[in-house]
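Between the sequences and the hints, there should be enough to build the whole structure, so can you do that?
Line by line, the protein sequences are chains A and B. For the first sequence, the residue numbers in the working numbering are 21 to 261. For the second sequence, the residue numbers in the working numbering are 21 to 261.
Honestly, the hints are just simulated from the structure, not real lab data. There's no promise every hint is true.
[Unchecked claim] Okay, derived cross-link-like pairs now, DMTMM-like style, lysine to aspartate or glutamate, Cα gap no bigger than 20 Å in a straight line:
1. Lys128(A) to Glu164(B)
2. Lys102(B) to Glu76(A)
3. Lys102(A) to Glu81(B)
4. Lys192(A) to Glu164(B)
5. Lys77(B) to Glu105(A)
6. Lys192(B) to Glu164(A)
7. Lys192(B) to Asp174(B)
Quantities reported herein were computed from a predicted structural model and do not represent experimental measurements.
2 protein chains.
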Amino acid sequence: MKRKACCEVGIKSIDIDLPEQVPEAELIAKVHELNADPNVHGILVQLPLPKHINEEKVLTEISIDKDVDGFHPLNIGKLAMKGREPLFLPCTPKGCIELLKRSGISIKGKRAVVVGRSNIVGLPVSLLLLKEDATVTVVHSRTEEPESMIREADIVIAAAGQPMMIKGSWIKSGAAVIDVGTNAVDDATRKSGYRLVGDVDFDQACKVAGWVTPVPGGVGPMTVAMLLKNTLEGAKRVIGQ
Amino acid sequence: MKRKACCEVGIKSIDIDLPEQVPEAELIAKVHELNADPNVHGILVQLPLPKHINEEKVLTEISIDKDVDGFHPLNIGKLAMKGREPLFLPCTPKGCIELLKRSGISIKGKRAVVVGRSNIVGLPVSLLLLKEDATVTVVHSRTEEPESMIREADIVIAAAGQPMMIKGSWIKSGAAVIDVGTNAVDDATRKSGYRLVGDVDFDQACKVAGWVTPVPGGVGPMTVAMLLKNTLEGAKRVIGQ
Numbered sequence: 021m022k023r024k025a026c027c028e029v030g031i032k033s034i035d036i037d038l039p040e041q042v043p044e045a046e047l048i049a050k051v052h053e054l055n056a057d058p059n060v061h062g063i064l065v066q067l068p069l070p071k072h073i074n075e076e077k078v079l080t081e082i083s084i085d086k087d088v089d090g091f092h093p094l095n096i097g098k099l100a101m102k103g104r105e106p107l108f109l110p111c112t113p114k115g116c117i118e119l120l121k122r123s124g125i126s127i128k129g130k131r132a133v134v135v136g137r138s139n140i141v142g143l144p145v146s147l148l149l150l151k152e153d154a155t156v157t158v159v160h161s162r163t164e165e166p167e168s169m170i171r172e173a174d175i176v177i178a179a180a181g182q183p184m185m186i187k188g189s190w191i192k193s194g195a196a197v198i199d200v201g202t203n204a205v206d207d208a209t210r211k212s213g214y215r216l217v218g219d220v221d222f223d224q225a226c227k228v229a230g231w232v233t234p235v236p237g238g239v240g241p242m243t244v245a246m247l248l249k250n251t252l253e254g255a256k257r258v259i260g261q
Numbered sequence: 021m022k023r024k025a026c027c028e029v030g031i032k033s034i035d036i037d038l039p040e041q042v043p044e045a046e047l048i049a050k051v052h053e054l055n056a057d058p059n060v061h062g063i064l065v066q067l068p069l070p071k072h073i074n075e076e077k078v079l080t081e082i083s084i085d086k087d088v089d090g091f092h093p094l095n096i097g098k099l100a101m102k103g104r105e106p107l108f109l110p111c112t113p114k115g116c117i118e119l120l121k122r123s124g125i126s127i128k129g130k131r132a133v134v135v136g137r138s139n140i141v142g143l144p145v146s147l148l149l150l151k152e153d154a155t156v157t158v159v160h161s162r163t164e165e166p167e168s169m170i171r172e173a174d175i176v177i178a179a180a181g182q183p184m185m186i187k188g189s190w191i192k193s194g195a196a197v198i199d200v201g202t203n204a205v206d207d208a209t210r211k212s213g214y215r216l217v218g219d220v221d222f223d224q225a226c227k228v229a230g231w232v233t234p235v236p237g238g239v240g241p242m243t244v245a246m247l248l249k250n251t252l253e254g255a256k257r258v259i260g261q
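The following block contains the structure:
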């Protein structure tokens, strides 16, 4: 999907498929090679990595100028801190904010609840919403009665990885609901034997929410679009220097 | 106060007083000198800096191995991210968690409200509470009706810099209240003409809260203690290598 999207917009993408048994040092050497290549403006290490490889170590080796995924801790630190600007925002969180803004939903002063606290979505999207002046609550697996908090939210970002966890009755009337979950559930009526559902019960949510994104087709394509945007911004920065 | 505390516990502290007009480059050169000095295990640049100096730039120059304040964006990024460990935690937030733990207050699953979102306190303490499995809400100057959220909190961290903003009626019975505010208010009865008060109306809060820290004398000394602890940990890390 990312490859196809690159092709469509005219970004040259290079796939480097390494065998699963690749030594960590070899993977890191490849990252260094791409760091040094002036024709490369963005590097994405596809996660998850095999167990024998230290994910943190590998991600930290990506030059922050080319960290189009925005997962480098230096980028996350700058994202968290007031008055600092990361070079890249993580793609899915950036896509969530873009979806809200393009839909004319104001964030400032609104109550936002983020469900989930992953490094990839929950945590960075909560930091972004805070920078946009929302009043932000992060609920997670240890939260008692998440529904009571979700029910008060003007904006809900669902990123827990729990199929259809969020019911229609949990949603405040008129709220904006961004469903980041992508969960495979058994479905005997499908040829594949499964279908994808979000963290939100979409059919129920539609009757209550002001806005709700579908799964698939909602946040997913936005994430890809933001990855392309990050890559373009990275290239512009290099060319502008 | 920091100097005195160092002396009491046997940490050698060196003061480098630079004139207010010091050029940025000279300050950075001094930081580099301390970075390179193997006898120095912690560097603290006293904030705020004069206006002609870029605070971000200077703080980023401190070697993260000696960043005992914990304000380097790489440290903040690692503090924010699940599964990552910063080399140092910012002192005041670390002190808040220490106060809770030493008082036997469980954090896991509890509702915590952080009032304020500064880089120094509000933001990092909210990230720490999240890592401790609290359900965390950050309220700030753009929040409408902060009292309704504070009233539901088992743990309140007040770090807004607003004298006695939080009234007794805003506090849930039995809650733990950590008051980080240190505000000078006019007081004609004092020789100095002012007195220090927190962000919490202490006299009122005492009647409702289960725990409440005083200002002065609560969080302040803990911050100093954590700075010493960070310095000791930094030294141990170097010696252990």
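Taking the hints in turn, this is what the structure says about them:
With a C-alpha separation of about 10 Å, the suggested pair Lys128(A) and Glu164(B) falls inside the 20 Å cut-off, and the hint holds. About 11 Å separates the Cα atoms of Lys102(B) and Glu76(A), which keeps this hinted pair within 20 Å; it holds. This hinted pair checks out: Lys102(A) and Glu81(B) have alpha carbons roughly 18 Å apart, not beyond 20 Å. For the hint linking Lys192(A) to Glu164(B), the alpha-carbon distance of about 17 Å falls within 20 Å, and the restraint holds.
This hinted pair checks out: Lys77(B) and Glu105(A) have alpha carbons roughly 13 Å apart, not beyond 20 Å. A distance of roughly 17 Å separates the Cα atoms of Lys192(B) and Glu164(A); the hinted pair therefore holds under the 20 Å criterion. Simply put, Lys192(B) and Asp174(B) have alpha-carbon atoms about 7 Å apart, close enough for the 20 Å limit, and the pair holds.
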